[in-house]
Amino acid sequence: MTAVLIVDDQLELLAITGAFLAENGYTVSWAPTAVAALKLLTTHRTDVLLTDIIMPGGIDGFELARRAKVNHPDLKIIYCTGKSNLEPEQIGHTYGPLLKKPYTQSRLLAVLEHVTGGDYQTVPALPGD
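Sequence positions in the sequence shown follow my numbering and run 10 to 138.
Just so you know, these hints were derived from the structure itself, not from any lab. Treat the hints with care, since some could be wrong.
As the list claims (entries may be wrong) - Each pair of labels, with its calculated beta carbon distance range:
id : residue 1 : residue 2 : range
1  : Arg54     : Leu118    : 14 to 22 Å
2  : Pro65     : Ser115    : 12 to 20 Å
3  : His53     : Leu118    : 15 to 23 Å
4  : Asn80     : Ser115    : 14 to 22 Å
5  : Pro82     : Ala28     : 24 to 32 Å
6  : Leu20     : His53     : 14 to 22 Å
7  : Ala31     : His81     : 20 to 28 Å
8  : Ser115    : Val79     : 28 to 36 Å
9  : Asn33     : Lys110    : 15 to 23 Å
10 : Lys78     : Gly126    : 15 to 23 Å
11 : Leu49     : Leu107    : 21 to 29 Å
12 : Glu21     : Arg116    : 14 to 22 Å
13 : Asn80     : Thr103    : 28 to 36 Å
14 : Leu49     : Glu21     : 27 to 35 Å
We put the CB at the ideal spot given by N, CA and C, even for glycine.
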């Protein structure tokens with residue numbers, strides 16, 4: 010089973026997304042902050058990090074992914090955000106696709122299947138991208 014760590018400061022979204030992924034056969038853990046996520050990465054097997062970009066606590070989703078990749082180079086990353094106008098200097102180097110909020114459950118599953126099935130950069134754009 011693919012293990013997904015969901016990181017988002019919106020607790021309701023964590024609960025809904027976590028329950029949906031668990032119902033679809035994923036092993037799910039979650040964290041409301043990047044700091045909590047980094048701690049979980051030391052104790053829980055994680056294949057995919059699904060992280061919000063804008064979060065409180067001084068570590069955004071991009072920095073979380075950078076730090077996570079240091080100790081987990083094979084970790085797949087999916088970023089998600091409701092913000093539509095991210096500037097290149099805000100983004101920096103990324104490790105995975107961006108999922109725009111609000112996203113559908115089918116869209117989430119499609120992106121998860123793509124990142125776990127190979128290099129996301131070689132996958133054709135999905136409908137709606």
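Practice item. State, for the Cβ atoms of Ser115 and Val79, whether the hinted interval 28 to 36 Å holds or is violated. Key: holds, 33 Å
Point to revise | Range hint 15 to 23 Å (beta carbons of Lys78 and Gly126) holds or violated | key: holds, 19 Å
**Study point:** Outcome of range test on Cβ distance (Leu49, Glu21; 27 to 35 Å)
**Key:** With Cβ atoms ~20 Å apart, the hint is violated.
Check your understanding: Does 14 to 22 Å hold as the CB distance between Asn80 and Ser115, or does it fail?
Key -> Given a distance of about 32 Å, which is not inside 14 to 22 Å, the answer is violated.
Review point. Taking the CB of Arg54 and the CB of Leu118, does the distance hold inside 14 to 22 Å?
Key: holds, 20 Å
Practice item. Determine whether the Cβ-Cβ distance between Pro65 and Ser115 falls within the hinted range of 12 to 20 Å. Key: violated, 30 Å
Review point. Okay, Asn80 versus Thr103 on CB: inside 28 to 36 Å?
Key: The hinted range 28 to 36 Å is violated for Asn80 and Thr103, with Cβ atoms some 18 Å apart.
Review point. Per the hint of 24 to 32 Å, is the separation of the Cβ atoms of Pro82 and Ala28 within bounds?
Key: holds, 30 Å
Review point. Cβ-Cβ distance between Leu20 and His53: within 14 to 22 Å?
Key: With Cβ atoms ~19 Å apart, the hint holds.
Check your understanding: Taking the CB of Glu21 and the CB of Arg116, does the distance hold inside 14 to 22 Å?
Key -> holds, 19 Å
Review point. Lying within 21 to 29 Å: is that true of the beta-carbon distance Leu49 to Leu107?
Key: holds, 22 Å
Point to revise | Range agreement (Cβ of His81 with Cβ of Ala31, hint 20 to 28 Å) | key: holds, 22 Å
Of the numbered hints stated above, those contradicted by the structure are hints 2, 4, 13, 14, listed in ascending order.
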